[in-house]
Amino acid sequence: MNDLAITVRNLSKVYVLGAVSHDTLRDQIAHRWKSFFRKVRLHDSSGGSFHALKNVSFDVREGEVLGIIGHNGAGKSTLLKIMSRITEPSAGEVDIYGRVTSLLEVGTGFHAELTGRENIYLNAAMLGMPKREIDRRLEQIIEFSGTRRFIDTPVKRFSSGMYVRLAFSVAAHLDPQILIVDEVLSVGDGAFQKKCLGKMDEVRRDGRTVILVSHDLPVVANLCQRAILLRQGEVVGDGPPQQVIEDYMSEAFNSNGSISLAERKDRFTQGELMVSKITFHNDKRDPIQYAVSGQDLVIRVQYQSHVQKVFRDMRVVVVVNRDERTSLILSTDLVDRKPLDLEGSGYVDFHVPHLPLCGGRYFLHVAIEDDALARDWVQHAAELQVLDGDYYGTGRMYPHDGWRGKGMFVNHSWTIERIT
Amino acid sequence: MHESRGMNLSHLPTVETVKSVREPKVRIRPSQGLFHLDLSTLWQYRELLVFLVWRDIRVRYKQAIIGAGWAVFQPLVAMLLFTAIFSYIAKLPSDGVPYPLFAYAGLLPWNFIAQATSRSGTSLVGESHLISKVYFPRLIIPAAAAATPAVDLLFALIMIIPLMVWYGVTPGWQLLFFPVFVLIALLAALAVSLWFSALHVKFRDVGHIIPFFVQFWMFASPVVYPISLIPDRWRGLYSLNPVVGVVEGFRWTLLGQPAPALSTMIPSLSIVLALFVSGVIFFKHMERTFADVI
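Here the protein sequences line up with chains A and B, keeping their order.
Just so you know, we're using the working numbering here: the first sequence kicks off at 1 and counts up by one.
Just so you know, we're using the working numbering here: the second sequence kicks off at 1 and counts up by one.
Just so you know, the hints here were simulated from the structure itself, not pulled from any lab data.
Cβ coordinates follow ideal geometry from the N, Cα and C atoms, glycine included.
Check before you lean on any hint, since a few could be wrong.
[What the hints assert, rightly or not] Distance ranges between label pairs, derived from CB positions:
| id | chain 1 | residue 1 | chain 2 | residue 2 | range |
| --- | --- | --- | --- | --- | --- |
| 1 | A | Arg149 | B | Leu80 | 39 to 49 Å |
| 2 | B | Arg288 | A | Gln242 | 37 to 47 Å |
| 3 | B | Arg27 | A | Asn2 | 12 to 22 Å |
[Said to hold, decoys possible] With a straight-line Cα cutoff of 30 Å, these simulated BS3-like cross-link-like pairs (lysine-lysine) come out:
| id | chain 1 | residue 1 | chain 2 | residue 2 |
| --- | --- | --- | --- | --- |
| 4 | A | Lys54 | B | Lys202 |
| 5 | A | Lys277 | A | Lys309 |
| 6 | A | Lys131 | B | Lys202 |
| 7 | A | Lys54 | B | Lys25 |
| 8 | A | Lys265 | A | Lys277 |
| 9 | A | Lys131 | A | Lys156 |
| 10 | A | Lys309 | A | Lys265 |
| 11 | A | Lys338 | A | Lys277 |
| 12 | B | Lys284 | A | Lys131 |
| 13 | A | Lys156 | B | Lys62 |
| 14 | A | Lys54 | B | Lys284 |
| 15 | A | Lys131 | B | Lys25 |
| 16 | B | Lys91 | B | Lys284 |
[Claimed, not checked] Far from chain B, some chain A residues (derived; all Cβ distances over 12 Å):
| id | residue |
| --- | --- |
| 17 | Lys81 |
| 18 | His215 |
| 19 | Ser260 |
| 20 | Phe311 |
| 21 | Asp341 |
| 22 | His412 |
Work the whole structure out from these sequences, hints included.
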């Protein structure tokens, strides 16, 4: 058993609502005046209070990679901010054994007017690196960022890609014993994400401790040895990532908090025939919480008609993408034309044999249309989590860890010809 | 792929882990008591202070044609203006020193304090993105903002040499004490700014108050007029202005004027100290909630 790297004990954080807003001096003076005379409680929480964290306790051992997952508002960021000493806990304690670096964003403190080189110093100093250390690593940082040609140019003239590369390069050379990372690191283009993940993998292999907060469940599943699930400020799951993720996913699907697809208003619709629910299934039609690369996936689109009418010759359109620019899967009725006459309620299954998507988080957009018009069209109708799997059936995971980029699998073959 | 191979950390020296002594390096607790000064952390981050000052200076004079020349130009123009208005028109006395020189020696510390207070007093809100994203002792932010105009002071100081030569004024042994008064000026500005900046996080009103306050403050200080103009019975109260001691000190050390009365210097310098100490306590006390409130 390794030594402890972090202990968190009964950590709580309470925000007094109302007190968070920028009170004006006048309100405050008036309030104090009143409280002076009428014995009103000074910290009168008229807006109520909000427990961002409630009695959170856990240990992290040296060399462990811990993922923290949970919905927005579950307390992930608050926990991260307390462990990074940005904000104070209301109760409880955290002990950190070792040199810690927390990255809540890359390029904190970058100044647009300063050159790349100057920003390296500023950013690194802010993250706690001593100057002689920065001097020593400057060359490596510049080299790694691949911005050497522009290193003495103000970063305001950098492309956003260069900017992020430089910022990440500084972060990558911090050399902490304990790394606390927010998921903001996993935004950016594919190449950058790949770099981030590759870097974290190395930190892990070096036996350092990593705490990672992420929405990207496949990343947590692949990178972490353990995951913690937060719900409304409490730890409700702690264990192997696969298991915790399943808990989280079932929570995500059963949660009453999120608006069901049928009730969503952000859709383009005629109001008569609507997509009411989307579920995912495996080849045996069992419901699944996430898909696996290389396995069969069934996307079930449930519909509901609000009028007594048969909608003839409909098409269901399913689009899967990862960003706004490129669709990765686009359904068509050219290959498997079935006349869809929809009536009442029911569902249409969309089969994808041998799912060619790499591990990651994808978005699903669906429409029901006919030749004349779109009856109902919902963007971001569902989220599809894909775990890396053995697409090629070789018994090995491909791509391996460092290459967990975005993309698709294609079946391919090689031929060799020799030119004499 | 090649890139990620390139960042293998194994060639870097490994950090010695504290395995034998299981003392946590960082202890996070809800703070208790009025405040916790934690000078060691402050010392640890001293380089960041230097970097922030350096950043502000770099940024301020970038893409400006005369760059640091502005630091000289501004007090020089103010001096000419004041000479015209307060000396020629209002016929204010200047205690035997040529008025332009008298005004310039007063403007040096005043401009510094005014600038330092305006910048430092709003500095926390200006750096709110740092406060919510990265940890370091917050005291560094107003301290850096207050120290930055010291560089302007240095440039403006060079200009006083030709002025003194022109008017035939030679400084005496008192010049040795000049750095002390620069330090007191810095302390005075920081003292006021600690209060302002910490309050500004919660009350944005402070941002509106500061410019107005600075304007008022100048006329409450012996910048354009000599302290001898203040009636004796008001002198004690007047000397509670921290700038009074600083301005008097500048004129004494630079222009070789008679030493300022202790009855002026003691209250003025004590108030600097009192404001500074209370400012640090107040700031450290408020610091805990900065990230939540800002």
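Structure-based check of all given hints:
no.	hint	verdict
1	Arg149/A x Leu80/B: 39 to 49 Å	holds (47 Å)
2	Arg288/B x Gln242/A: 37 to 47 Å	holds (39 Å)
3	Arg27/B x Asn2/A: 12 to 22 Å	holds (20 Å)
4	Lys54/A x Lys202/B	holds (26 Å)
5	Lys277/A x Lys309/A	holds (20 Å)
6	Lys131/A x Lys202/B	violated (34 Å)
7	Lys54/A x Lys25/B	holds (25 Å)
8	Lys265/A x Lys277/A	holds (14 Å)
9	Lys131/A x Lys156/A	holds (24 Å)
10	Lys309/A x Lys265/A	holds (23 Å)
11	Lys338/A x Lys277/A	holds (21 Å)
12	Lys284/B x Lys131/A	holds (26 Å)
13	Lys156/A x Lys62/B	holds (13 Å)
14	Lys54/A x Lys284/B	holds (26 Å)
15	Lys131/A x Lys25/B	holds (21 Å)
16	Lys91/B x Lys284/B	violated (47 Å)
17	Lys81	violated (7 Å)
18	His215	holds (19 Å)
19	Ser260	holds (34 Å)
20	Phe311	holds (50 Å)
21	Asp341	holds (51 Å)
22	His412	holds (19 Å)
The structure is inconsistent with the numbered hints 6, 16, 17, although it conforms to all the rest.
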